[in-house]
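*Asks:* Here are the chains, one letter per residue:
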Amino acid sequence: MTLPCYPFTSSGAARRQAADRTPPLRLDQGRGSVRRFLIALATLFVVLASSFCGLLAMAAAGRAAESAVVTPATARAGALLLKGATPGAYVEAPAVRADYDVTVSGPTQRTRVTQAFVNPGSGWIEGVYVFPLPENGAVDAMRMVVGGRVVVAEVRERAAAKAIYEQAKRSGQAAALTEQERPNMFTNSVANIGPGETVVVQIEYQAPVRRDGDVSSLRIPLVVAPRYAPAAAGFETVSDGSPSKTARGGDPVPDRDRVTPPVRDPATSTPTNPVTITVRLQAGFPVATIESAHHAVRTEAPSPDRRLVTLAGPVAADRDFELSWTAAPATAPSVGLFRERVGDADYLLAYVTPPAAKAAPVETPREAVFVIDNSGSMSGPSMAQAKASLAFALGRLKPADRFNVIRFDDTMDTLFADALPATEANVARALRFVDALQAQGGTEMLPALRAALNDPRPADERFLRQIVFLTDGAVADEQRMFDAIASSRGRSRLFMVGIGSAPNSHLMSRAAELGRGTFTHIGSSAQVEDNMRALFGKLESPAVTNLSLTIPGGAADVTPAILPDVYRGEPLVMALRLPRAEGAMEIRGAIGGQPWRETLNLADAAPGAGVSKLWARRKIDDAEVARTTAALTPDKADAAILRLALEHHLVTRLTSLVAVDAAPRRAADALLDRADVPLNLPAGWDFEKVFGPRAPAAPMRRADLVEPVAVAAAQEVSLPQTATDAELRLLAGLGLLGVALLAAVARRRERGA
Amino acid sequence: MTRRLSLRTALVAVLTLAGLTLAAQGLWIPAKAALAQLLLDRAFARTLSEGRPEKAWGWADTWPVARISVPRLGRSTVALSGVSGEALAFGPGWAPGTPEAGDDGVAVYAAHRDTHFAFLADLVVGDLIEVTRRDGRTARFRMTGARVASWDRSGIDPNAAGRGLALATCWPFGARVSGPLRYVVEATEIEDAPVTASAERRP
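First to last, the sequence lines map onto chains A and B.
Be aware that the first sequence starts at 1, since it is given in our numbering, and climbs by one per residue.
Be aware that the second sequence starts at 754, since it is given in our numbering, and climbs by one per residue.
For reference, chain A alone in the conformation it holds in the complex:
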């Protein structure tokens, strides 16, 4: 079957030779031989055709045996391949389309995230998608839609849920599992997605709306940024052969496999995982302005306090969505109280914004330690924003203040041996130091954090010690940071500044909470000045301190258990559970030395759906913090978390949602391959700076699973070869037959002569 396609040259020579020796062809003379020739030809045709069919069938059967897997050579354009279960074979990565439908009712938002898992290959796969959610979101529902059926998930202890899922996976049933990796990082696994099929997983979460001064905002993180997972320090000898589970002594990132999904290289593939977002805003007050910080949106205003916001078109999941709105002047309430009754308890959510200090603030000089992250993940716009933010901060220092600057990547430098007065010469030196920084290397955050927390004068009352920490938080060893802050915060206050298109807000907000400071986010150069000015307003103004709460009956379960200090413009947010919301609640505190108090009448609370979930989520956070600060033993903290999670149907570190379709679908002998959904690199990130030069895998990258082998097709679709050579083959074949006919006739004539 492997004949040359253009055999014209050899047959042409034969024809000339025959023509030289014979007079012009006369059919009547060669009639007998032509008849015999035609009979032979017909016979041959039948034989050939049947053998051709047989070969075709065999070839096709051979291909079918290869099942789902493809080799790099047979990959289709634009496909990202992942290593499959069989060595040398690869699985096409599934794609995920996501839709976010957000309903904001006053202080809370309920979001339905719909993820469609599409299997582009021709075999059965298990899709694994790592995705972010707001760090304070309470995930309480999951549904799986497969083959027109809807399966509602149950909340189970994590290990039990995993066992149910694995059992369903083995027996060929469709199943979905939602697990928490970090409070702002979740994994959806979907087993047994058929060839070309789409399985839809829908999760819902409840989260509070953030308020800061007049501005309310919500943030939907859309991509998990690649996180730096520090290597285990030294060699751990483990006597029983099992890997050490303690984060303190062993691997700083015990779950590194789960939190480092594959990442697409933007130089060789287009961003995927398209996202659509709809926000139905019921602000509860007339809305003056509404703004999306990083995405183009369409806004409709059906009534003064309502807005309908949609993305201008699907976007690739490579940066956070941020929407903020403000109240029309003089309509912003300084107090908000919302209630939900579930079972035999009332749940309350209270926002109280303390007034700005009336008296001129007492000028206490500050001792400011600025920490700036110049690791590879900060490369590009992030580094520019961090530098601009730090330059702004240095410019705001007063001569009486003292300051120091620390920079880190996988190494670190401290500008001065100890904090120095903010003289013009010292500030100029610091500005030059900052300006010369370049983003590269790993993110070893812990030594820098420890250096900043190291306070040589812990009892010095003349200065307020403040740490301003600028980073994208792209690390996977958050727990080590929390441990360090909890154990050595002393008198220092920690102000986190999150930089870039997708910062790790779990690290930022928990670190700020443990460090009794605030979290400011800077997502673009345009936000540097406004947000840094707001942060400095907080740094320079006295906080509302010594807050306490008096509740009628005294039987309320309040979270946060110890009320934090509140900075200018920020509301105090509390969630409570009590048998019945009656009477008046009194809040006391001090602003700049002046006493302040506020009374709330609990019976006036407006209805607020989902408040109980927020209370439970907040309590779980408290338990996690107590575990970090060793206020609770790990066992007690875990027991508290588990009880709350099962009662309120929430996904936590210890509980997962699992859904299993009753009907088995994959035959036992069909292979199932695991395929992690590759993520986009957050906007503005530099692939090589994060992962190192493209060829070999850098420490952050899991080389055994990632390895994008055949990546093609950038912005455009490549069109395949779409012409058959049927006509060419037919013509060539007929030509050859003609030559053969001529040769046969010529021979007959010669013999006759």
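Some clues are possibly wrong.
[As the list claims (entries may be wrong)] Some chain A residues close to chain B (C-beta under 10 angstroms, calculated; not the full set):
hint: 1; residue: A316
hint: 2; residue: A327
hint: 3; residue: A328
hint: 4; residue: T724
hint: 5; residue: R747
hint: 6; residue: R749
Calculated from the structure, these hints are not laboratory results.
Ideal Cβ positions, reconstructed from N, Cα and C, are used throughout, including at glycine.
Given the coordinates of chain A, assemble chain B onto it according to the supplied hints.
*Replies:* What follows is chain B alone, placed relative to chain A:
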């Protein structure tokens, strides 16, 4: 003389064999394309009724994903997933990484110019193109234009705004050898269109 005669007999036999093979292949390609469509049509009908992918024959490495039809020309063809050479031998291929017809973005289908997509040459701007999807929904498109592009610079962005359709085949139509140029028919979805006969096929 005997020696020359036997040489010539061998030559004739070889030429005949080669010619027959090539001619058989040349005839087999369009026959296979037509035969496969019959099987694919049945498999696609099963896909619609049972709501899951159905292969047209046991050893197929692809499966039907859509029916593309042009009512004015009375042409209809069942498209397969993927644009491998094997898939294109049997029907138009749905380019991977592009949305389903009727979803946001541009759905791309490609097929051979001398078999399944020969009719692209007869399409004119304004023609109605209907795509029945696996889920039974029929998306209706109106042809907006056609252009010739190089295979690797198609200018088709699958994530473009709106709902579009692109049908691609080799260009020029009459050529015997393959080249780098492609003929691309572009169409956009008609929204809120009146129900027609083809839409009644919905399950």
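*Asks:* For which of the previously enumerated hints does the structure constitute a violation, in increasing order of number?
*Replies:* 2, 3 and 6
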